[in-house]
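Protein chains in written order, with the numbering used here: chain A, 135 to 427; chain B, 39 to 630.
You may find that some hints are simply not true.
[Stated by the list, open to error] In silico DSS-like pairs for lysine-lysine, Cα to Cα no more than 27 Å straight-line:
{"#": "1", "chain 1": "B", "residue 1": "K297", "chain 2": "A", "residue 2": "K139"}
{"#": "2", "chain 1": "A", "residue 1": "K225", "chain 2": "B", "residue 2": "K139"}
{"#": "3", "chain 1": "B", "residue 1": "K53", "chain 2": "A", "residue 2": "K225"}
Source of the hints: derived by calculation from the structure; they are not laboratory data. Small disclaimer: the values here were computed from a predicted structure and weren't measured.
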Amino acid sequence: MIEIKGLVKNFGDIVALDGVNMNVQTGSVYGLVGPNGCGKTTTIKHVLGVYRQDDGNVMIDGEDVWENTQAKQKIAAIPDDWFFFPSATIKDMMEFYKGFYRNFSEARFKKFGEIFQIPHSRRISTLSRGMKKQVAFWLSLSTMPEYLILDEPVDGLDPSMRRQVWSLVVDDVFQRGMTVLVSSHNLRELEDVCSYVGIMKNGRIEIERSLTKLQDNMTKLQLVFPDGRNEFPKDIPVLNISRMGRVFTVILRMSAKEAEERLAPYEPVMMEAMPLTLEEIFIYEMGGQSSVL
Amino acid sequence: MYSEKKYFNKTLFKKNITGCWPLWAVTSFFGAVLVFGVITSMGLWLGMTPNVNLSFKNAYAAGVLVNPVISMLYALLCAFFSWKYMFREKSSSFMHSLPIKREGIFLTNCLSGFIIMNIPYAVVGLAMIISNIVFGEFYFGNIILTIIYVLGENLFFFSFATLVAFITGNGFAMSVIYLAGNFIAALLEVVITGLASGFLYGVNTLSNGYFNSLSPVVKMIQTMHLTDGKGLIEGGWILAVYAAIGILFVFISLLIYKKRKIETAGEVITVGWLRALFKYAVALTLAIVGGRFIYGIIFFRYATSIYRFVPLLICVIVMGLIGLMAAEMLLRKSIKIFRKRLFAEMAALCVLLFAFCAIFRFDLFGAENRIASRDEIKTLSVKFEDVEFELGKDDESQLDTIIGIHQYIIDNKAELKEQEAYDIFSIISDSYSYDVYYAPEVLSLTYNLKNGNSFERTYDLHGQKEYVERAREMFSDNGIKEKLLFDRGWNADNVYISGDFYYYSDSYYQIYAYDYPLIMDALKKDINDYKIGICETQERNKDFYLHLDMRKYERGEYKYNNISILINDKMTNLMKVLSEKGYMDLIYPDNT
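Using the sequences and the accompanying hints, generate a full structural model.
Shown next, in the form of structure tokens:
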């Protein structure tokens, strides 16, 4: 389990993290979303033990991550733009990883080689961005991590490789109980794999819950009122409202059942609940600032 | 292979060594070429070296003596390759996400870096040993000493470069600060003395080498000497001191590393309190160096001799503020620097610079008028007109003579300062003879006091006939004459007579070396009757001079005195020797 309590990080005068609290359950896939500059990458770098916090705790399985080699043995990371030694080949990097991670599996490395199909002898600096990302997955998953930390993991991968990579990750979650913390702006993909979501804003986790609960807590309704009523009832708070002819489309911060109960007195002639995507939830939680995505 | 060792990672070590093989391979190659060059220059295979043993021993010692310069530069490269990952956030993040403690990375990199540092030395050493065995014999003692000395030098420079790598955040800043750090004493001397000498007449140096230890290369080179004829090194203890400092630097570097924030990668200075030091160091250096430069351009009439306080202060403050802003921009990596705090710092800098200039302008430490009393003096070194001699505490009469001359100059410093300023102005405006400017009429006095302190004063008396004559009075003192010619260690290296020879078109005639002892012996007897050190215009067909180029080997280097003696009839002993040896026939052919 990854536990973050009251995490604070300042870069000079800038407050990057302002008391982040986060819990990532073992065996779950946790999606960390938020607008640019909200502190997602900074949080992830604390989980990796790269940044040292100014205040608060970052723990894995109850142990502080900072300078903890045992905790770091369990973690593999794939940041957006990972580092490889300048003239290193895939084989060189494999040897390097093997020298640091005691669980590094050469059998796995070999097996993944058949999936990624990039020659071991290729210099990584000559590979495309997408291929470098594949190498990063290849090496990281070969370390048999208990925790996989991903920051914009599939950027640059083609659609079929994205599916392939996610499939490998999800396999490890189901088969080995691997925990995944993933930060991405691709909410459509996160929706498919995440069981938990944390929404960050201004250096804090604003909302943290399971995706199902998140979806349950927000409702999208299409409804039509009887003749003579041209306005949506003012006593019902809305996150967003639009109207086309007599049809209202509203987003409400409540469950579908509660919404239907509260709207029943107005005797709508038609009322239908629509499924909300993670992207819509994110946009409305952020105050409708769709441009930040 | 996974390494379980906590403080050492074999994989990282191997990657470090193999990752920069071109560095140590190329350096090793040039080192081997150097060995070949040494062997060739000794001409061993042609049998040109009379003492092969000594030549090899000297070569080992010479290697140690010149190594500080090589080691200083090579250590910078080795440390850069060892720690360059810290200069980019991407590589730094990668390294620190690995399951290894910072101590583990540090010790592994230190070890690999130090080995990379020493690989070329091992190659050179091996080449030397092989050539020893081929051409001479195996000098076990010299080899062991050389290894110890070189390891000491390399340890210090590598650890110093490592320390600088940890307090800086990018390669350029590391290189500049490391090189500046290696010559900090020289920089301080230039910066502070440069300002002081503009206000304080005769003060050309303030530190007298007190701070040389801060410039390791300078200190090592100054302290270590080749023992003449033994192939051993004197002063090698200094390397033990620096090696100990090197070990201390390693520990400090580790402490800094443990606290270092990854996000400081790319910055100029990564340690908080050093950022303030850096800012003020840049501001003060630019204030004094740049301020004097600007002052020199605008007020060149008084550029090098006498500073006018207010104009100089304005120049110094303007350049200081520019320096402070430049340093702030470097530290913030932005041109948007103007905040309340910066304005407060600017005000503080102005006060500091005013105080700094005022110390020298008003001579708060009394440096300008400082003359040591005879009782304070342990030794007094005097240089004037190409000659140099040293007086001890027992040379009371001679000390009084020199102190009297010094006092006379101090008493008349106002006139001398104005005249010097005028002369320099004349030279700048090309209205003055360069011959006069370069005339060797500079009096330099170094007082070494009984309390261990020392101070040096230098007065440029060129063109000041009255003062030159006053200074020349020192040469009428018999005690000083004896010092010049017969003080311990001085030997006649070259002796010749100058004048307008009747039979020769040349203006000088060389005395045969085997006659030097006779000449010197005669001079000793005539010492009360001759003039010495005077280079007045000779009258044709009348005045002849005996010129002695004296040489002395002291602390690993040769010193030279050039003494001219007017030959006159009263020097009966010299005349007799010259006559017996036939030199008189050249001078006075009509007498033969």
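Evaluated hints:
Of the pairs offered as hints, the one joining B/K297 and A/K139 holds, with about 22 Å between alpha carbons and a cut-off of 27 Å not exceeded. Taken as a hint, the A/K225 and B/K139 pair is honoured in the structure, with Cα atoms around 24 Å apart against an allowance of 27 Å. At most 27 Å may separate the alpha-carbon atoms for a hinted pair to count; B/K53 and A/K225 meet this at roughly 13 Å.
The earlier numbered hints are all upheld by this structure, with none contradicted.
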